[in-house]
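Visitor: Take a look at the letters that make up each chain.
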Amino acid sequence: MTLQAFAPIGVLIIIALIIGVIILMISRVFGPHNPSFRKNAPYESGMKPIGPGTRRMPVKFYLVAVLFIIFDVEVIFFMPWAVAMRDLGVYGLIVMGVFTLILVVGFIYEWKKGALEWE
Amino acid sequence: MRIPRFVWIIGGLILLAAVLVGGLLVTISLVTTMFDPNAIDPGAVIKCSTSSGCSTIYPIIYSLILVVVILTGFAYTTLWERKLLAWIQHRVGPNRTGPAGLLQPLADAIKLIFKEDVIPDQVDKVVYYLAPVLKVVPVLIIVAVIPFGPDILVPWFDGNWYQVPLAVADINVGVLYLLGVTSLATYGMVLAGWGSNNKYATIGGLRASAQMISYELSLGLAMAVPVIIAGSMSLGDIVDAQRNIWQWFVFQNPLAAGILVLTLFAEVSRAPFDLTEAEQELTAGYMTEYSGMKFAMFMMAEYVGMIAVSVIAVSMFFGGYHIIPVDNVPILGPLFLILKVFIALSLFIWVRATLPRIRYDRLMALGWKVLLPLSLVAVAWTSIAVVLGEETQSSTAYGIVSLIFFVVIVVGGFLFLRGENQDADTAQDPVDLMNDPVVTGEPRSIGWVLLNLIGGLIAVPFLMVKALLTLLEGLGSAGGEAPTSDELAIEPVEPAGD
Numbered sequence: 023m024t025l026q027a028f029a030p031i032g033v034l035i036i037i038a039l040i041i042g043v044i045i046l047m048i049s050r051v052f053g054p055h056n057p058s059f060r061k062n063a064p065y066e067s068g069m070k071p072i073g074p075g076t077r078r079m080p081v082k083f084y085l086v087a088v089l090f091i092i093f094d095v096e097v098i099f100f101m102p103w104a105v106a107m108r109d110l111g112v113y114g115l116i117v118m119g120v121f122t123l124i125l126v127v128g129f130i131y132e133w134k135k136g137a138l139e140w141e
Numbered sequence: 004m005r006i007p008r009f010v011w012i013i014g015g016l017i018l019l020a021a022v023l024v025g026g027l028l029v030t031i032s033l034v035t036t037m038f039d040p041n042a043i044d045p046g047a048v049i050k051c052s053t054s055s056g057c058s059t060i061y062p063i064i065y066s067l068i069l070v071v072v073i074l075t076g077f078a079y080t081t082l083w084e085r086k087l088l089a090w091i092q093h094r095v096g097p098n099r100t101g102p103a104g105l106l107q108p109l110a111d112a113i114k115l116i117f118k119e120d121v122i123p124d125q126v127d128k129v130v131y132y133l134a135p136v137l138k139v140v141p142v143l144i145i146v147a148v149i150p151f152g153p154d155i156l157v158p159w160f161d162g163n164w165y166q167v168p169l170a171v172a173d174i175n176v177g178v179l180y181l182l183g184v185t186s187l188a189t190y191g192m193v194l195a196g197w198g199s200n201n202k203y204a205t206i207g208g209l210r211a212s213a214q215m216i217s218y219e220l221s222l223g224l225a226m227a228v229p230v231i232i233a234g235s236m237s238l239g240d241i242v243d244a245q246r247n248i249w250q251w252f253v254f255q256n257p258l259a260a261g262i263l264v265l266t267l268f269a270e271v272s273r274a275p276f277d278l279t280e281a282e283q284e285l286t287a288g289y290m291t292e293y294s295g296m297k298f299a300m301f302m303m304a305e306y307v308g309m310i311a312v313s314v315i316a317v318s319m320f321f322g323g324y325h326i327i328p329v330d331n332v333p334i335l336g337p338l339f340l341i342l343k344v345f346i347a348l349s350l351f352i353w354v355r356a357t358l359p360r361i362r363y364d365r366l367m368a369l370g371w372k373v374l375l376p377l378s379l380v381a382v383a384w385t386s387i388a389v390v391l392g393e394e395t396q397s398s399t400a401y402g403i404v405s406l407i408f409f410v411v412i413v414v415g416g417f418l419f420l421r422g423e424n425q426d427a428d429t430a431q432d433p434v435d436l437m438n439d440p441v442v443t444g445e446p447r448s449i450g451w452v453l454l455n456l457i458g459g460l461i462a463v464p465f466l467m468v469k470a471l472l473t474l475l476e477g478l479g480s481a482g483g484e485a486p487t488s489d490e491l492a493i494e495p496v497e498p499a500g501d
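Chains as they are written, first to last, in the working numbering: chain D, 23 to 141; chain G, 4 to 501.
So that you can see chain D by itself, here it is in the shape it has in the complex (with noise of 0.2 Å):
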């Protein structure tokens, strides 16, 4: 299979963008404009906004990110031996035991130091 087998796809994301850019457009033209400085204050339940909208963030969510990457490797590395499973046969099915194992080692290690925890 060539690169022209994915072609059909570059044609639906054009037409996805330009239906994006379309329907975005399209609520500037027909729509009223009539801005006024209560009404383009950030929203915070009609209160007077308190301090910037972006503030620090708790560091959670970046460690969430880390064992993300860790572990999306894996799933990825899992793909071509899904696909190659018949021909490599009990072989393929230990060395990939082999590799979970090894992961799940490290998959206990967070556990327990307790990375997984969220309070």
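Hints in this document: simulated from the structure, not taken from any laboratory. Mixed in with the good hints there might be a few duds.
[Unchecked claim] Stretches of chain D that chain G covers, calculated by requiring three or more beta carbons in the stretch to come under 8 Å of a beta carbon on chain G: (1) 25 to 36; (2) 53 to 66; (3) 86 to 93; (4) 109 to 117.
Heads up, the beta-carbon is just placed ideally off N, CA and C, and yes, glycines get one too.
Start from chain D and add chain G according to the hints.
Guide: Frame of chain D, contents of chain G only:
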């Protein structure tokens, strides 16, 4: 001479009926020829991939039709959601605009078009405009790799019949494409939250990012299971491997199917995983500062995403366009798929109407501590069963291994849940040592010994499962012991003297 009014009416009705019936007959004859591969001389049919003109024009036409179908589907999904929610809550639902409220989506669209497009002062303009497009485009292109039916025949103006596939591009890395594009929608949510420069929006965007990436791991592992069984990453091969109902992958690995459905609920952030736009705490989450058609774009992305993930789930585990094999009557393919997607969408709405929102720490615990280990077990299940079945060249071995895994998982889950519900004070009584034959040395018959031997051998796997579960439970509570009921009890306040 004056013709009575009822003659006009009856005549008009007869004419209308004739036109309708005639049109219907012509359409049926055309469509049955189009979708029936045996109706035309096979020699005269041109395959689309071999003709340069067809392979240029066909993707454009098919993409346009697909987008129109999906957007119409989106409009009527919103109506069906409101109707079904209303019926579940014993209300009527929208019924004013058009017959039975059928024009409600149109009215909503017109209203939103003529609404003011408020752009708050504090936003980052580029990111603020980019985010809705980034959310809509991925969900519109997800279904590109999924076949909606077998190849059909269509006539074209040059007098030839062309055999065309009912997919934009059934590429050979389809599952990887699905994984990549479903996670792209996260960018739209995070950038919307960040670019709005608003507290609610920022929190919603952060929650969205953590939730998406946590559930994407289990999603990827659950998607590996159909790849293993079918031996291909092309969605066409995966669907064709589940031609009959008993071949559906949901019956070969129900665990992976359950995980896939749960993670897809989380990926489109629908109830009970709609933490990103929890109305009661975050107003509207990441789309708080959006109004007019930009708000409509986020709603559109949500509902188109629902349709897209329904198509994914149906194609991966629930037989795709097959209920009975549709090779001889290809027109049934899209109809079956639409029927299954409709059932899946109704499930989404039903769940929203019945389940309360899950707490955020429990959401993360479910994703990392429950679904991730379970999806590893699901992959192990299918891979061991497939490899053993391949080595012994028998489907019996495949079935037996699958059955063993199924029983072990059901029993393990049962034991685990029972252990969860057991209180410390209702623990079992200690063994009565004074009457135990091991301690007293009382002789027993050979039958008793044999029975115990067999029983002991059977018990070993169960004990291993139990030990594993105890280990996991201990690991789960390693961060700190739960407070006992004594510690939590409120000390009675001594009444002040006199």
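Visitor: Kindly indicate which numbered hints from before are broken by the structure, ordering the numbers from low to high.
Guide: Nothing - there is no hint that the structure violates, so all of them hold.
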